[in-house]
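Same order as they appear, the protein sequences are chains D and G.
Residue numbers for the first sequence follow this note's numbering, so the first one is 1 and each next one is one higher.
Residue numbers for the second sequence follow this note's numbering, so the first one is 1 and each next one is one higher.
No lab work stands behind these hints: they were computed from the structure.
Warning: the hint list may mix true and false statements.
Quick list of in silico lysine-lysine cross-link-like pairs, DSBU-like style, CA-CA up to 35 Å [stated by the list, open to error]:
{"#": "1", "chain 1": "D", "residue 1": "11", "chain 2": "G", "residue 2": "149"}
{"#": "2", "chain 1": "G", "residue 1": "211", "chain 2": "G", "residue 2": "178"}
{"#": "3", "chain 1": "G", "residue 1": "128", "chain 2": "D", "residue 2": "11"}
{"#": "4", "chain 1": "G", "residue 1": "149", "chain 2": "D", "residue 2": "10"}
{"#": "5", "chain 1": "G", "residue 1": "9", "chain 2": "G", "residue 2": "178"}
{"#": "6", "chain 1": "G", "residue 1": "128", "chain 2": "G", "residue 2": "149"}
{"#": "7", "chain 1": "G", "residue 1": "3", "chain 2": "G", "residue 2": "214"}
{"#": "8", "chain 1": "G", "residue 1": "9", "chain 2": "D", "residue 2": "11"}
{"#": "9", "chain 1": "G", "residue 1": "268", "chain 2": "G", "residue 2": "137"}
{"#": "10", "chain 1": "G", "residue 1": "149", "chain 2": "G", "residue 2": "211"}
{"#": "11", "chain 1": "D", "residue 1": "10", "chain 2": "G", "residue 2": "3"}
{"#": "12", "chain 1": "G", "residue 1": "178", "chain 2": "G", "residue 2": "3"}
{"#": "13", "chain 1": "G", "residue 1": "128", "chain 2": "D", "residue 2": "10"}
{"#": "14", "chain 1": "G", "residue 1": "17", "chain 2": "G", "residue 2": "178"}
{"#": "15", "chain 1": "G", "residue 1": "268", "chain 2": "G", "residue 2": "9"}
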Amino acid sequence: MFNLIVAELKKRVTAVIGWGVGIGAYLAMIVAMSPDLAPQFANLDLSAIPIYKAFGITENFLSIANLVAIYVSFLGLTIAIYAVITGTSALAGEEEDGTLETLMSLPLARWQIVLAKVVAIAIALLVVLLIAYLGYLAVFPSVKADLEGEITLAELFWSTLESWPLAMMFAMLSLFMGAYLPRRNHALGVGLTVLIGGYLFNNLAEQAGPLKDLRPFFPFYYNLGGKVLTEGVDLGKVGVLVAAAAIFAVLAFLSFQRRDVTVGTWPWSRLLAKSAVQTQE
Amino acid sequence: MNKPVIETKGLTVYYGKHRGVFAVDLTVRQGEVFGFLGPNGAGKTTTQRVLLDVIRPTSGTAAIFGMDCQHDGVAIRQRVGYIPGELALPGMRASAYLDMLVSVRGNHTDPAYRRSLCERLNLDTSRKMREYSRGNKQKVGIVAAFMSKPDLLILDEPTSGLDPLVQQTVLDLVREAKADGRTVFFSSHILSEVQAVCDRVGIIRDGELIKVEKVHDLLARRLHRLRLQFCMPVAPELLQVPGITVIEHNEDQVMVEVQENLDLFMTKVAPQGIVDIETVELSLEEVFLAYYGGGSDHV
Chain D
1 MFNLIVAELK KRVTAVIGWG VGIGAYLAMI VAMSPDLAPQ FANLDLSAIP
51 IYKAFGITEN FLSIANLVAI YVSFLGLTIA IYAVITGTSA LAGEEEDGTL
101 ETLMSLPLAR WQIVLAKVVA IAIALLVVLL IAYLGYLAVF PSVKADLEGE
151 ITLAELFWST LESWPLAMMF AMLSLFMGAY LPRRNHALGV GLTVLIGGYL
201 FNNLAEQAGP LKDLRPFFPF YYNLGGKVLT EGVDLGKVGV LVAAAAIFAV
251 LAFLSFQRRD VTVGTWPWSR LLAKSAVQTQ E
Chain G
1 MNKPVIETKG LTVYYGKHRG VFAVDLTVRQ GEVFGFLGPN GAGKTTTQRV
51 LLDVIRPTSG TAAIFGMDCQ HDGVAIRQRV GYIPGELALP GMRASAYLDM
101 LVSVRGNHTD PAYRRSLCER LNLDTSRKMR EYSRGNKQKV GIVAAFMSKP
151 DLLILDEPTS GLDPLVQQTV LDLVREAKAD GRTVFFSSHI LSEVQAVCDR
201 VGIIRDGELI KVEKVHDLLA RRLHRLRLQF CMPVAPELLQ VPGITVIEHN
251 EDQVMVEVQE NLDLFMTKVA PQGIVDIETV ELSLEEVFLA YYGGGSDHV
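Just need the whole structure built from these sequences, with the hints factored in.
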C-alpha cells in the first residue's frame, strides 16, 4: 500500500512542482508589489467597478495587509483548479489512458486503489501549497520593513495552508465525478462548472441582497482566503469543507466499487443491461 | 480430469443495450494452455476483464481457482499474471514499476528469474517507460505478468508489437509455464501462435462461445481440399455431390473442399481420367475462417 502511494505521488511530481512554483511566483509578486500598490489604490472606490465586484474585491485597500489579503484570496481559486484536474485524472483519466486496468489486475481491492489516490492527492495539494509558500519566503525579507507590524510569515503560512481544505473538497468532488460519470471530460466539466460558477456566484451574491442567503450552498463561502490575515481562522468553516471532502471521498469509494472500469457508460446503463438480458432470454 | 482453473456459467455482459458476451459456459483446466480465438469485438477482452473483476457480469458467474471473481478478486489476482490487449503503462522507470508490482504482490518474486526474463527479452529497465517503443512496453508487460510465476496467466494478444524473435521467446515462456503445470489463458487472433502452443481452443463470435475443442482434434477434423488434374475437361454437373464444394474449376483442373461423400465423388469423376491428386492441408486459420464463414450451425 505504501509503495502504491509512493507510485501515485511520483506520477504527480512534475505537476506539483509546476503548480507550486507558478502559484509561489504569484504570491511573491503580490507581497513584493504591495507596499508600492497600496497607496495607489487607497482612493479608489472598488465597489463601483464591476470586474472587482465579480472577484469579490469591494473594500478599498486601506492597508497593506488588506491588499495582500484580497489578492491572496485568488490562491484558493488557483489551487482548486489543480485540484479538479488531478481529481479527475486519478480515476477517470487513468481509466481512459488504460493504466487503471493494469493497476486493477494486481491483488488490490478497489478501496485500496481509491485510498492510495486520496492520500496521494492530499499530500500533493499540501506540497503545492508549501512550495507556493516559498514564494513568500523569497521576497519577504526585502519588503519586511514595509510590512512589519502588519503581516508576519506565520500569518502568511496559515493563509496559504487555509486553501488546502477547499482544494481537497474540489479534488474529492472531481474524484467522485470521475468514478460516477462515464468520461473524464464529463467529470472535468462538472468540477470546473462548480468551481468557476461557485466562485463567481459567491462573490456576486455577497453584494446582492436576495442571493446572499444562498451563499452557504457554495464552497467558496467557506474559504476565507486572505481574510485569515485580517480576521483569523474560522474553524467552523474549515470543518464544513473537510466534511464535504470526506463525504465526496466516500461517494468516490462507493461509486468505484460498482463501476465497470474501461466501459465508460452512464450509471443507469446497468439497469438497461438487465432489461436487455431479460428480453434476450 | 484436472480440476477447472477458470469456470464461467451463463456469463453475460451487456453494455447498456449492447451485448458484450452472452451465456458463455467455459472451463479451463489446470495445466493447459487454452486458446481463446475470435476477431476484434467478439468478446475476448470482455471475458478476460470479467475474470479480473475489471467489469462485472450482467448475469451468470465467473470463478477462478473455485473462487468468485467478484467477491474473491484480491485472492485470485494474487495468483494471476495478466497482459492486457491494450497495454498502458505509467511514465516511471520500468525497474521502479516492476519493483512496485513486486511489493504489491508481497515480494513473492525471484529476482534472478526477473533478471533472466529481462535478459531473454532484451529489455533495459533503467529507462522511463514513456520513452519506450510499443515493443519495449509490451516486454515490460510480459515481465510483469510472468515474473511472479503465477498459477494462471491471462494473456491478451501477448506478442502484439513484438519482433518475430521476441514473439518466439514469449511462446517459449508459455510452453515453460505449461511445463511447470501452470495454466495459460491465451487470447489471440494470430492462429499460428495458438496452433503452436495451445492444447484446446475456444472460438467466440458475436459474444457467444461457438466452439471449444482440442487443437489436435480441430485440425484432424478440419476440412480437406483436393486439387485434381484430369486428362480431359470435366463437366460441372459431375462435380455436384453433397458434401463437396467446388473451390476452383478450370476445364481439366478442379479444386474441391471435402466435408463428406469423398468416395461417391471419386466414383463419379474417376472415369474422366485423373492424372494427379494433391491434398491441400488447411491451417488452423483456414479452419477458423470456415467457422466464421457461416452461422453457428456451420460448426
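Evaluated hints:
no.: 1; hint: D:11 - G:149; result: holds (28 Å)
no.: 2; hint: G:211 - G:178; result: holds (23 Å)
no.: 3; hint: G:128 - D:11; result: holds (12 Å)
no.: 4; hint: G:149 - D:10; result: holds (28 Å)
no.: 5; hint: G:9 - G:178; result: holds (25 Å)
no.: 6; hint: G:128 - G:149; result: holds (25 Å)
no.: 7; hint: G:3 - G:214; result: holds (17 Å)
no.: 8; hint: G:9 - D:11; result: violated (40 Å)
no.: 9; hint: G:268 - G:137; result: violated (59 Å)
no.: 10; hint: G:149 - G:211; result: holds (30 Å)
no.: 11; hint: D:10 - G:3; result: violated (43 Å)
no.: 12; hint: G:178 - G:3; result: holds (15 Å)
no.: 13; hint: G:128 - D:10; result: holds (12 Å)
no.: 14; hint: G:17 - G:178; result: violated (39 Å)
no.: 15; hint: G:268 - G:9; result: violated (48 Å)
Of the numbered hints listed earlier, those contradicted by the structure are 8, 9, 11, 14, 15.
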